[in-house]
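K.L.:
For the record, the sequence lines run as chains P and A. Position 251, counted from 1, in the first sequence is what the numbering used here calls 541; the numbers after and before it change by one each time, with no gaps. Position 75, counted from 1, in the second sequence is what the numbering used here calls 246; the numbers after and before it change by one each time, with no gaps.
Everything labelled a hint here was simulated from the structure, so no lab data went into it. All figures in this text were calculated on a predicted structure; none of them were measured in a lab. Any given hint might turn out to be false.
[As the list claims (entries may be wrong)] Label pairs and their in silico Cβ distance ranges:
1. A:L376 to P:Q453: 52 to 58 angstroms
2. P:P686 to A:V678: 27 to 33 angstroms
3. A:V225 to P:L294: 28 to 34 angstroms
4. P:E703 to A:N726: 18 to 24 angstroms
5. A:G631 to P:E662: 26 to 32 angstroms
6. P:P686 to A:T459: 35 to 41 angstroms
7. P:K382 to A:V678: 56 to 62 angstroms
8. P:E631 to A:P461: 26 to 32 angstroms
9. P:E676 to A:T696: 40 to 46 angstroms
10. P:G519 to A:D679: 38 to 44 angstroms
11. A:P461 to P:I541: 54 to 60 angstroms
12. A:V645 to P:R669: 23 to 29 angstroms
[To be verified] 16 angstroms max Cα-Cα, derived EDC-like pairs, lysine to aspartate or glutamate:
13. P:K334 to A:D236
14. P:K316 to A:D236
15. P:K653 to A:E640
16. A:K644 to P:D649
Note that beta-carbon positions come from the ideal geometry of N, C-alpha and C, so glycine has one too.
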Amino acid sequence: MHKLYHQIDNISGSVVTLRADGVKNKELAEIDSRTGTSLAQVIKLAGDEVTLQVFAGARGIATDAQVRFLGHPMQVPFGDELLGRVFTGSAKPRDNGPDLTMNPTDIGTPSVNPAKRIIPRNMVRTGIPMIDVFNTLVESQKLPIFARAGEPYNDLLARIALQAEVDIIILGGMGLKHDDYLAFRDTLDASGALSRTVMFVHTAADPVVECMLVPDVSLAVAEQFALKGKRVLVLLTDMTSFADAMKEIAITMEQIPSNRGYPGDLYSQLAARYEKAVDFEGAGSITILAVTTMPGDDVTHPVPDNTGYITEGQFYLRNGRIEPFGSLSRLKQQVNKDTREDHRTIMDAMIKLYAQYKDAAEKQSMGFRMSEWDRKLLRYGALFEEKMMDLSVNIPLEQALDLGWQILATCFEPMETGIPSKMADRFWPKS
Amino acid sequence: MKKTTGKVTGVNGNMITVAFTGAVAQNEVGYACIPDGDRTLRLMSEIVRIRDGVADLQVFEDTRDLKVGDVLDFSGDMLAAELGPGLLGRVYDGLLNPLPELAEQCGFFLQRGTYLPSLDRATKWDFTPKAAVGDRLTAGETVGVVPEGVYTHRIMIPFAWRGVYTVKQVMPAGAYTVEDTVAIVTDAQGVEREVKLMQKWPVKLPINCYAERLRPTETLSTGIRSVDTFFPVAVGGTYCVPGPFGAGKTVIQHQTSQYADVDIVIVAACGERAGEVVETLREFPELTDPKTGRTLMDRTVIICNTSSMPVAAREASVYTAVTLAGYYRQMGLNVLLLADSTSRWAQALREMSGRLEEIPGDEAFPAYLESVIAGFYERAGRVRLKDGSIGSVTIGGTVSPAGGNFDEPVTQATLKVVGAFHGLSRARSDARRFPAIDPLDSWSKYRSVIEQNRVENLRGILRKGADVEQMMKVVGEEGTAMEDFIMFLKKELIDAVYLQQNAFNDVDASSSVDRQKASFDVLETVVSETYAYTDKGEARRAFLQLQQAFIDWNNTPMGGADYDTRRAAVLQLVTEAPHA
Chain P
291 MHKLYHQIDN ISGSVVTLRA DGVKNKELAE IDSRTGTSLA QVIKLAGDEV
341 TLQVFAGARG IATDAQVRFL GHPMQVPFGD ELLGRVFTGS AKPRDNGPDL
391 TMNPTDIGTP SVNPAKRIIP RNMVRTGIPM IDVFNTLVES QKLPIFARAG
441 EPYNDLLARI ALQAEVDIII LGGMGLKHDD YLAFRDTLDA SGALSRTVMF
491 VHTAADPVVE CMLVPDVSLA VAEQFALKGK RVLVLLTDMT SFADAMKEIA
541 ITMEQIPSNR GYPGDLYSQL AARYEKAVDF EGAGSITILA VTTMPGDDVT
591 HPVPDNTGYI TEGQFYLRNG RIEPFGSLSR LKQQVNKDTR EDHRTIMDAM
641 IKLYAQYKDA AEKQSMGFRM SEWDRKLLRY GALFEEKMMD LSVNIPLEQA
691 LDLGWQILAT CFEPMETGIP SKMADRFWPK S
Chain A
172 MKKTTGKVTG VNGNMITVAF TGAVAQNEVG YACIPDGDRT LRLMSEIVRI
222 RDGVADLQVF EDTRDLKVGD VLDFSGDMLA AELGPGLLGR VYDGLLNPLP
272 ELAEQCGFFL QRGTYLPSLD RATKWDFTPK AAVGDRLTAG ETVGVVPEGV
322 YTHRIMIPFA WRGVYTVKQV MPAGAYTVED TVAIVTDAQG VEREVKLMQK
372 WPVKLPINCY AERLRPTETL STGIRSVDTF FPVAVGGTYC VPGPFGAGKT
422 VIQHQTSQYA DVDIVIVAAC GERAGEVVET LREFPELTDP KTGRTLMDRT
472 VIICNTSSMP VAAREASVYT AVTLAGYYRQ MGLNVLLLAD STSRWAQALR
522 EMSGRLEEIP GDEAFPAYLE SVIAGFYERA GRVRLKDGSI GSVTIGGTVS
572 PAGGNFDEPV TQATLKVVGA FHGLSRARSD ARRFPAIDPL DSWSKYRSVI
622 EQNRVENLRG ILRKGADVEQ MMKVVGEEGT AMEDFIMFLK KELIDAVYLQ
672 QNAFNDVDAS SSVDRQKASF DVLETVVSET YAYTDKGEAR RAFLQLQQAF
722 IDWNNTPMGG ADYDTRRAAV LQLVTEAPHA
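Isolated chain A (complex conformation):
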């Protein structure tokens, strides 16, 4: 294909207009060239609109020093990600530039116009052929495998190839770099094509090389009691965590990235604080993944486009992240994508839309906001691959609603398309009740680790207890019937010992499914009892004592020496309490 070039005719913030001759495609990538002494700075940009023969491009970098008449070099390709072995454990920016390697080259600051390959070109991978000569394969079917950490990384017919290919030659087992050819196949017309360890995929398109999409039915264990029991997430499902600032969105995401029972975690830090990424980045190599015995970093990829990095690349970063997630799903793995925060991504869309002078929708967000959000979450899902194995992508996105008000466009557009809603409340976070997932407003369409009717029973107590609490604010404690008061105390107990979880306590930070079941059993026993206290002070004291005993139990490692004693201590208090 002949490459097209153009000339810059206007610059407005990170949007440039370019007059071109020849053909260009929507979303095609081009490079704006700034002469800089004897070299040329090449700024990556993407076509977002073509009008009257002039292209509007968003530039992924600062447009300082760009001038009218500068050359624009179109690449002929859409924004694409390099997919292949060697992605795990790495830290990338939104355009999949490896950040540590950039730091080696440029020092403390991100220099614009410097792009590095995502996959290391020198590393050799141990390739084992799986396909045989004569096999007829389609996109996404396995040619061979290489080991990547504990996972078997499948080398597949590139996803972008259409039609059926006949294997003509497979290279023998051995060490190959990502650019080496490992198989030669021929298409229906007999044209030969080379399969390498690496392929490219345009990030804005979903990867659909599977046999069928399945219903997400299994519960994904996150280690957070409030989530797994009350507002569960399914393997291959979607959920969102909206909340005002300071309500603990990031702590929940961090906890999930650490303890979720999945194979691979992709963390997309999209327009958020750099400091938070740094925590993950520095801590994960130190932490051990109980499932594999290796470090947590070995199962993690961080896509990091923090708030001070260029806005257009922020928009790209969520797509890059979901593309990587989709790629590892093709290996038959369960992948969790955590996007923090989708609101920043929506704001990036809004900024661009404003520069394009599109007619604004609600709160100046573009009219296509909802369909874009829906399109993103729909890239989640549990699928049966062409070889029968099952893989999944679960997407959890945080939303940062303006003013903490869930009625704003991004939250509402998200709620329409997700399967679970973990709404964080300011009232809970102010009272230091973490995780601040509101037990009354949140919902989930997925199956809990505990039987549904038992969960509903406890939610009933939470609801009634909250009603009593409201009423007590009006009629006072003395105006409240003993029965109601105890209902309120039960609600407080459930909240304190089950919903609240101390993310900074080594034991309590994550609760396994077994432990949750054990806790739930005891809690259910405690709150199902009818207590016959005559004095409210006495009742409060007794419940506080129960709470204390329960928290002590929560902080004891399961299987540890004190575990059974502490459990018995809780039940003992119930037995000793006055009953009707």
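Just chain P, with the same shape it has in the complex:
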């Protein structure tokens, strides 16, 4: 039934074109050439000219390579057998385990009907005060971690993965350094978490098209687990590599670039992935944490910029700490009203004062005389950074809130903090 073609007309980058008929858009094909067999996907049809994107790259593909269309789009196997395994972006084993073919599931499936979504309601406790108190992580949330290259973002990701209460972890690695990949695997293995983890890893040396597939295969698997009632945490690192892979393909395809060479649909492409985060009514959920490295530490770079508009907040990782400014969990309001009564009060007051501390610190660095108020702020800032911001602090939320009141009481009078009198009367520590 599947017809074979032997005549490739154009090869450019990882994109090839040939003449064929009866081919469906987004259909998968298998290309046999001297260097081996690779999957490829149809990305454009014009008359009888078919454009294919070759997953393994076009290197070594001959014009007489054998092309066989498979009649179905890209699929990924699904089942509990996936747990503990490591795959490539095209869902081939990366470890020494067997190739899996059960329950082939389409990737890039349609979007969830907004009417079937529910308001997120479960806090995900991490034991990190900068997250739990100030920017609470919520089940079904999608949050990026914005960081410069060189920040310990993968460590943070791994730590959240270990401490967060979820059933399944899917790790999608894009453009990972090989040793980072091993580090992830070892950390998860050491804590016993590997047995509930599926990894789809594209390392920097692998073909670029596979990088583009990683989020889709990861999320397709996550979705299947979630539909079976599992709470799934998807960790993606690094989404900037994914965007760069898209850029590479788009330029090869001679698309008109919009901003710094990225394709015009960058926002839609990123959104299609991030929007897979969901809490299914009567089933499980998908929570997405994704690292987005900021080239040049510039948040206005198209990738972090578009990401920020899609995700429900962001964490900024700077100098090994989660920055209180700019970091935001949009869904925190859904859960922090039910944690403890003083949660929001502490959250607001401490950040406002920390902002003032920053101003005072700037004044100090410029050599101005410090007023009494400035000195109070400086003392506060130092305490805050030491006891709250340090990433090694690992305490439950309630303890962190108590600590907050203590820090405030050490430095200020209740009135100076802007806390409504009603709250201060109740919670201000009596010395």
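Given the coordinates of chain P, work out where chain A should sit on it, guided by the hints.
P.N.:
Here is chain A on its own, set in the frame of chain P:
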């Protein structure tokens, strides 16, 4: 009209090229047919260009599995919305498919090729005739009415009908479905036409069936102090809210949709997060509209084409939304359309333009971006209808500028055509000063709820205080004169107690016009005083105390027991302060 069919000759993303024989129209809708076992998947698409006898269509769905040679079925019509009773309280996608009903049919996911009627065909509406036999009516004039919630829903001569019609027969009062005929009219040539409860209107064309367009002069109360007092919006006006991500655009929109003093709110979630729509969708049926005593959902229509839904339908969604707004304006109602975000819509235009290989303009946006944006905002307006009643459409659009930089094409094109600009600043949102509407950069051409000179007076303090703040960064607090320092403290006070508003506090979330006037009076008294502090620490403490007292007052319900006491407490502090 004879229907045209064509054959697909190319597929590129969501754009397809189709060779056809016969006639087609620009913006005509067609269906790409994918054979799928024993049934056919029909994907809705719209002609965006015709060149050399080949049509380019944007497909409103995923084009997976489409192949060269597949049939394209042209419909002969432009993309049209069904207008009639039963739209209120509903949730639709950009093509006006009801989402909850789709969910019933398809489950968790949006299956492509499934289209449902926007209006329920079975519901019966209580029709009361208003026109009499022999009446001569034109498009947009009332034949009869049906009640829809608390509103009187007018059944009108369809907007698309040209000329004058003579009423030949009106059906008696009774229950009718949207497809039932309620009147028969004849045109100038004596040809009979049937008026039903439902009509269709092509969404990309403005509805112009009114007597005249009026100037927007009344202030629309949104409950947000910073907006109503400093940067007001007019009933029938337009405004935009640009801001970087995380600056609180959506919270402002949400607050406005909840508290704005209008009859009907159309929320167009255009290419934004699904989660945000869900909040509205789940909360509004629980919240009570103080004006009508019914739920907020009863006055709301949600058009929802979130970021992961197909891009072409996103482009259509803003037009669908503004069409519904225009329709309810024809009932003599005040309608507020909130579009979040217009940048996503512009990006949808850009994606399509790229696929069409048009010559790109600034940042690869198409050259016609400005005229398209202007055309959209111009569909707002306050109008006098043919029967003399007044209706309005107010449009508020958020803009998501790349990198938070307002110099980008979408923000600039929008600023040219709107009447108010609420620019959100990253600095304010980082300092948790919400709403983050920048008090110095924003502007409005509409009238405030407070007298203009008094507002200007306070803005003057804000400006001078900000100047002092800048200066203090250079010369330090000790290098600042006491007078200047107090100016800075006054600015901080205005900011903290008036501009900032806690959207998550039940009382403070919305401030009525009366309350704003009361607050403004007291605030004006406080900042007009000359204070004679000798020590800056002392002055700061005193102002913080004032701020505290004022915020406590803000959080007290108006008319509640403590309201007057808390107000007096603020004024007491002013009296006690040292004066020159």
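K.L.:
Look at each hint and say if it fits the structure.
P.N.:
Okay, the hints, checked on the actual structure:
For A:L376 and P:Q453, the hinted distance range of 52 to 58 angstroms is satisfied, since their beta carbons lie about 56 angstroms from each other. At about 32 angstroms, the CB distance of P:P686 to A:V678 agrees with the hint of 27 to 33 angstroms. A hinted range of 28 to 34 angstroms holds for the C-beta pair A:V225 and P:L294, which are about 31 angstroms apart. For P:E703 and A:N726, the hinted distance range of 18 to 24 angstroms is satisfied, since their beta carbons lie about 20 angstroms from each other.
In this structure, A:G631 and P:E662 meet the distance hint of 26 to 32 angstroms, their C-beta atoms being roughly 30 angstroms apart. For the pair P:P686 and A:T459, the beta carbons lie near 38 angstroms from each other, so the given range of 35 to 41 angstroms is met. Range check, P:K382 to A:V678: about 60 angstroms between beta-carbon atoms, so the 56 to 62 angstroms window is met. Hint check: P:E631 to A:P461, Cβ distance near 27 angstroms, so the stated range 26 to 32 angstroms holds.
Distance hint check: the CB atoms of P:E676 and A:T696 are about 43 angstroms apart, consistent with the given range 40 to 46 angstroms. Checked against the given bound of 38 to 44 angstroms, the beta carbons of P:G519 and A:D679, roughly 41 angstroms apart, stay inside it. In this structure the supplied range 54 to 60 angstroms holds for A:P461 paired with P:I541, their Cβ-Cβ distance being about 55 angstroms. Checked against the hint of 23 to 29 angstroms, the pair A:V645 and P:R669 passes, with Cβ atoms roughly 25 angstroms apart.
Annotation: proposed proximity of P:K334 to A:D236 holds, straight-line Cα distance about 11 angstroms (limit 16 angstroms). For the hint pairing P:K316 with A:D236, the CA-to-CA distance comes to about 6 angstroms; that is within 16 angstroms, so the pair holds. For the hint pairing P:K653 with A:E640, the CA-to-CA distance comes to about 12 angstroms; that is within 16 angstroms, so the pair holds. This hinted pair checks out: A:K644 and P:D649 have alpha carbons roughly 8 angstroms apart, not beyond 16 angstroms.
Checked against the numbered hints given earlier, the structure satisfies every one of them.
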